[in-house]
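Asks: Single-letter residue listing:
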Amino acid sequence: MIPTLQDYLNIAPILVVSSVALLEVVIKILFKNSKKWFSYISISGLLVAIYFAVYNFGAISLSFNDMLFSGGFASFFEILFCIIGILTILQSESVNKIDEFNTAEYQILILFSIVGMMIMGSGADLITIFLGLELMSICFYILAGFARKHVAANEASLKYFLLGAFATGFLLYGIALIYGTTGTTNILAIARQYPMIFSIPLHVIGFILLLIGFAFKVALVPFHMWVPDVYEGSMTNVTGLMASGGKASAFAAFLLTFSIPLGVKNMELIQIISWLAVATMFVGNIFGLAQRNIKRMLGYSSIAHAGYLLVGLVSSNSLGNQGILFYLVIYSVTTICAFGVVSFVEDEYGKNLNIEDYSGLSVSNPFLAAVMSLCMFSLIGIPPLAGFVGKYYLFASAVQSNLIWIVVIGILTSIISLYYYLRIIVFMYFKEPKTENKIILSTESKISLIFSSVLILLLGIYPSLLLSVVEKFFKL
Amino acid sequence: MVSMYQFIGLIPLFPLIGFLINGLLGSKIKSEKIIGSISVLAVSLSFLVSTFIFFEMINLPTEERLKIVTLFSWINVGSINVDISYQIDQLSILMTLIITGVGSLIHIYATGYMHGDSGYWRFFAYLNLFIFTMLNLVLADNFLLMFLGWEGVGLCSYLLIGFWYDRDFENSTTSVAAKKAFIVNRIGDFGFLIAMFLIVQEFGSLQFLSVFSQASVIPSGDKILTAITLLLFLGATGKSAQIPLFVWLPDAMAGPTPVSALIHAATMVTAGVYLLARSSTMFILAPITMDVVAVIGICTAVFAGTIALVQNDIKKILAYSTLSQLGFMFLACGVGAFSVGVFHLMTHAFFKALLFLGAGAIIHSLHHEQNIQKMGGLKKYLPKTAATFFIAAFAISGIPPLSGFFSKDEILWKAFSSGSIWLWLFGIIGACLTAFYIFRLVTLVFNGEERFDEDLHPKEVPSAMTIPLIILAVLSAIGGLIGIPHFLGGSNKFEEFLEPIFKRANYQLPIAHDEIFMEYLLMSISVALAVGGILFARHLYLKDNSIAEKISKKYNYGYKLLFNKYFVDEFYDKVVVNPIKNFSDSVLWKKLDVKIIDEFINASGRITEYLSSLFVKIQTGVTDTYVLIFVMGVVLILLRMII
Amino acid sequence: MIPIQYYLLFAGFLFSVGLVGVLIRRNAIVVFMCIEIMLNSVNLTFVTFSAYLGDATGQIVVFFVMTVAAAEAAVGLAIIISLFRNKQTLNINEINLLKW
Amino acid sequence: MALEQIIFWSLILVAGFSAIMVVVSRSPITSALYLILNLFCLGGFYLTLNAQFIAIVHIIVYAGAIMVLFLFVIMLLNLGDESKLRERIDWKTYISISISVAFFVELYYILMIQTPIPVTKLHVNSAEVGTVEYLGKVLYTQFIFPFELTSILLIAAIIGAIILAKKKFTI
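Residue numbers (the numbering used here), protein chains in the order written: chain S, 1 to 476; chain D, 1001 to 1643; chain L, 2001 to 2100; chain U, 3001 to 3171.
Treat the hints with caution; some may be incorrect.
[Claimed, not checked] No more than 25 Å apart at the CA atoms, straight line, and that leaves these computed lysine-lysine pairs for BS3-like:
hint, chain 1, residue 1, chain 2, residue 2
1, S, K149, L, K2087
2, D, K1617, S, K351
3, S, K351, S, K472
4, U, K3092, S, K28
5, S, K36, S, K149
6, U, K3092, D, K1617
7, U, K3166, S, K149
8, U, K3167, S, K149
9, S, K431, S, K351
10, D, K1030, S, K431
11, S, K351, S, K149
Since the hints were derived computationally from the structure, they do not count as laboratory data.
Could you put together the complete structure from these sequences and hints?
Replies: Listed below in structure tokens is the structure:
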């Protein structure tokens, strides 16, 4: 019952990141003029966390009285979120333009949100998952409104907060009903009562409400309405973090609660999830067409991708789970990379966010244009980019479960999405540049963009690198 | 002895290296010469390697010719292993030869054509990438790798068609044309993807050999197989521009002419035919699909041929001509004569590349004038171009013994012997149309009076452009000789060479009787019709006033006769030509093509966008609405649980 | 003896009342209060189950939910203040700069 | 047993009434005060369920801290003026109410009709479970990790609240 050293070792990544964040709080108080250092401290902290996560990778174990998983897929998610954090911080030079004094707080909040994500990705108890989710969400509410001089940021923050708190209510209600019918909140203990518990309607309803809570976070239709507004109003780097890490962690929690211990075997649940998937794919792709603001457009794109990811859950086989993990990595990296480009083109908060502003980017900054088109093609799913392999994986899992119709819808809607992804490329490559504004990229941001691009290419050409890792988590 | 087979990886590798060098460093390399030579070298080295492999192959016994070389494992999805591995057999090596051979000629030509363009390096990077993806398409040993190439050529064509983004193209911009090409292609790819998933489900593999050996034992007419083949054919119609997904091809003319040549002749559009030929085992077991293929093929052949009659843009005529010729290839596949389809693919690659490059030379020398009504009399300014162009025109019209004759005649014969007189009849009409429109073009461009601006002084293009023309002309002339059918005393080496590939498919076909008399008869009819078409076109469009005047001066007494003769012409014009032209112009082209099919594709995009802008109003920005929709979702889901 | 359903149903009733409030009220602070009602109804559910199951977990969860609610209240009210400073309104119908 | 019943039903009456009043009150201050009343009633429910510790903490944290914060902000922003926040009743209101009613009906159906839960008695251990001692033991052993996690959560919230609400943009 009393935590042992092993327990602390098991959650070393989480401990490291949170202590680095706390350290930054102290530094901030002690040394007033030290803002330059924060990003380096954060990055080194995240790197150490990655080291520990790799160290723990070998075996899956439980720690802190079955509150957390560690090793295995938990380490996998920890590494993913740390990478997301590093990429975000590398790209976040523009934060200095927003509010010079709050650099430290920005770093601290990003680190805290990553702690939240890591806990969501490794929680073995609904309480820990809930607390991780709340930690992440609260950091996001704040980060969304970080550019507090601007009404749009305030608005985004308020909308996100009100709707998020509202969705939390449903999530908690779901946990309450599950607790009521099983007498426990521990995922493994709940799984042990399977399949008897699914005969109790209240239990299924509990799962449904839990699903709705997560559906809000991963932005499934019809719980997606906040996404475009919040994405548009928040600072671009924060948006990138929300769209990648926020979504990936919610999907991780989704997997943990629905798939890993239980296997979504309840037909009614699967049916509902498949409806959500179809609606999400349609709405995300169709609504994306009408967007002129690139952040809104990418917001709808992220909604649509949540739909594709859900296909893996609907097919409810190990292939689908592997596909989700694989695609989450690719999607996160691609999205954060795309938002990174957006943040560099946007010279100050809220400027240059229309698609027209990308005219002739290939001339004024070929590097950014190339990276952006790589991201777009990966999101479309053009082989041999990573996005294609991921989509292929997910759709193959659906085919394995005899769900050809959902594959057909998935591919059809992805054709629709072509229109808006291509629009950006058309503007970048086939239009004359409007104004001559030179974008100067710092070394950090270049590193981040190059790293993401290489990953997108590498995982497309040689996906086994990641697939072999992902496959270990699920036995066929 | 070291087998050349193991060097197969080099074939796609060279263009990839060329692409990487030009793509990454191109903007730094200032010299056009270096960029051009890297690019040309990359493709010609591939050609060299494939030639070696080809010669090694023909020295091997037939059963040892097929080999699979695995480079590395790509995707491991459960039980399905997809490798990056190349299948070398007669069909793929043939396609490789065509692609790299014709491709390198086009590359050489492009070094001259693109001279001075600001995007020189970009262009050659794209061209190399195009070749690379196309080679992956034909060399792949599984559907997924093939799909990689399949998507890749779509992507490259998108980049190349939109290459001159600062130029207008038919009331819109090239980027619109490029986007359309990409999207239409994706619709076809949709079919391919679904078919691929069905194949995985049905056969548990994507590897050609495994899939086809499993498929060959399925009884003919199986439902799944029909679905798979129909979907694959949908993919093929997208890439090979058949009805109804052909709309992108005429628009693809927005790109630089070497691109048109590359897309139309050697690479992209042949992908569909290649796919059918590759999957012949499955197609032959789905009679319904075969009928669909044949009918779509012949319809496209006639339809596009008719539209080509009235076009005035030189590249558009050639574009519709490509559609029409592709239709013939699909007709061949549809009646089960896959090797003939591939044969026509090859000869077509020669003469269509030649036609396009020739057209490019003309356009180049006239400073981007593309309207054939503003040309004329170019023969004396561009002698080499004219000579080669004439050879190509005769070849495409099917005049013996040029290459087009053998392949087209073979197709028509197979169509006839498959038992459908209608297919043959329409095929003959299509062939006749081909002869007519191509000679209308030739005559208006090279003969007659000079209708171009006087301050244009056309002169022969540089040798970088003429040499490829001459090589292609030689190929167009003699390329057909390897496929002389048996009844003409030939040995039909071509069919023999490809025989192992289509063994399974041929096994299913009824054995055609050798009706030598019939073959001769039909051949004579088609040749006669082609010649008739040519003469008619020459006659109609060679109303050279100077000649007429000369004649009337010399033979005063014949004036009346001549007048009468012209009267006959008028009569022809009124009764025969004009109705067809009007029909083609106002109905087929302006209504069916531009208005209906083209509009449909455009409209579906526009409608979705309109709907999108309509739906998006639900995003009112007011949190109330969002919560309301949220709760509605909850209530609906709970309702589903209760009921 | 009060059946467990009564408690649960009353919690559900409170949840629905909170729902109505969130849906129909325009004042951001009142909307937030209605969300608090919803959270409290969930707490009631937890405690009910905890008591009827004789298990402490439910009450522990309530403890955590309270902490979360406090944290959310702090952040939420801070957000409301910073918005009010810029826009001088809390009517969520007027907060619709970001749309479509 | 009658006393228990009486307490239960009167709590329901007051709690239900105050909850409704939170929603329908014009002034945010009235709403807040009704919410406090509602929270006290919930504390009463917790007592009837033998959850003494939670009941006390609930009153202290919710009514004592959170609601005071609410009132404080309302006063700070001077939102007492009702005319500023005129809220119309339109078709959306009716849809909203009917949707919520539908939600409640569904809950009713699930709880009362679909799920016959046999438990009608408080668990024998419930009185012991609700004590500070017992909960403290569980909290500091089994739930030590989530407990520590909440400290991080609160720090994040404090930092966030400070940077969002502080007056000057730069110090």
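Asks: Each hint: holds or not?
Replies: Going through the hints against the structure:
no.	hint	verdict
1	S/K149 x L/K2087	holds (11 Å)
2	D/K1617 x S/K351	holds (24 Å)
3	S/K351 x S/K472	violated (45 Å)
4	U/K3092 x S/K28	violated (48 Å)
5	S/K36 x S/K149	holds (23 Å)
6	U/K3092 x D/K1617	holds (16 Å)
7	U/K3166 x S/K149	holds (12 Å)
8	U/K3167 x S/K149	holds (11 Å)
9	S/K431 x S/K351	holds (19 Å)
10	D/K1030 x S/K431	holds (23 Å)
11	S/K351 x S/K149	holds (15 Å)
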